[in-house]
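Novice: Take the sequence shown: its letter number 210 is residue 210 in the UniProt record's numbering, and every next letter is one higher.
Be aware that a few hints might be false.
Said to hold, decoys possible - Distance windows between CB atoms, simulated:
no., residue 1, residue 2, range
1, Lys11, Asn78, 35 to 41 Å
2, Arg129, Glu35, 48 to 54 Å
3, Asp86, Met15, 30 to 36 Å
4, Arg129, Arg19, 46 to 52 Å
5, Lys11, Lys49, 55 to 61 Å
Note that these hints are calculated values from the structure, not bench results.
Glycine included, C-beta positions come from ideal geometry on N, C-alpha and C.
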Amino acid sequence: MQLETARSEKKRKKMKQEREKKEEEERMKMEEKLEMEEKKRTIGIWMFKYRLPREMKKQILQNIIPRLERKKDVCVENLFCYLPEDISNAVKRCLCLDLLKKVPVLQNMDEQLLKNICDSLKPVYYKERSYIVREGDPIDATFFITDGIAWAYTSCNGEPSSSSSHAERLEKGHFFGEELLELGLSKLSRLPLSPRTVKTHGPIEAFALMDEDLKKIISKNWMHIGKKQLEPFAAYVVQAAWRRHRENKNLERSSHGGRYLPSLGTQGN
Numbered sequence: 001m002q003l004e005t006a007r008s009e010k011k012r013k014k015m016k017q018e019r020e021k022k023e024e025e026e027r028m029k030m031e032e033k034l035e036m037e038e039k040k041r042t043i044g045i046w047m048f049k050y051r052l053p054r055e056m057k058k059q060i061l062q063n064i065i066p067r068l069e070r071k072k073d074v075c076v077e078n079l080f081c082y083l084p085e086d087i088s089n090a091v092k093r094c095l096c097l098d099l100l101k102k103v104p105v106l107q108n109m110d111e112q113l114l115k116n117i118c119d120s121l122k123p124v125y126y127k128e129r130s131y132i133v134r135e136g137d138p139i140d141a142t143f144f145i146t147d148g149i150a151w152a153y154t155s156c157n158g159e160p161s162s163s164s165s166h167a168e169r170l171e172k173g174h175f176f177g178e179e180l181l182e183l184g185l186s187k188l189s190r191l192p193l194s195p196r197t198v199k200t201h202g203p204i205e206a207f208a209l210m211d212e213d214l215k216k217i218i219s220k221n222w223m224h225i226g227k228k229q230l231e232p233f234a235a236y237v238v239q240a241a242w243r244r245h246r247e248n249k250n251l252e253r254s255s256h257g258g259r260y261l262p263s264l265g266t267q268g269n
């Protein structure tokens, strides 16, 4: 009798364990399914936000969905690393080509050269209230904001700004760090220093043209940039250098401790 009871209890425990195991497997499958659906939804919102063409959306999903279905990890904040180079470049051109054309130093550049610059852009993401660049730091990238809000401001020896100074709002369609582009053709071995601090207000999505990538682009395309392309670029570099020199002189002459915020790149109206 005791033996039969022990066998029955053992069988009951085994059935319970199998049932719990099955329930756990079903729960995990449901969680995975919900997680995949959430990522699909987030990807859909991202594509809708940037108003990507229908065919481009289709190509993105064709590359991302199979990865999700294979239970591969997907960082929805950076889909570019999962896309083939041609599709990734096409998306970057769709998002950034018109913005590049708003940068004064690039306005007279060849269309193909601008596309090459687009292809070299790197997606970057910053959390809320984080520093992108601090005043006095080397500028090793030009940033093009595609979503979110940041503030640019100057300080005096690290002290808080005075009541007469202000921060400038940067948002979608704005760019900063263009000083790197202004030096691009003439002083590849030097980096300009940032005249301002840029800090995010909320999460920021942007694309960055890094110093090293700019060097590669210029070196690779130097012989293909015609004289007509170089002349306006060089003229702009000279004008920009003179403008910075004049602004520095104004700061030196200021006796009331006020701060001056150099002009920031914005999307043309």
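Novice: For which of the previously enumerated hints does the structure constitute a violation, in increasing order of number?
Specialist: 1, 2, 3
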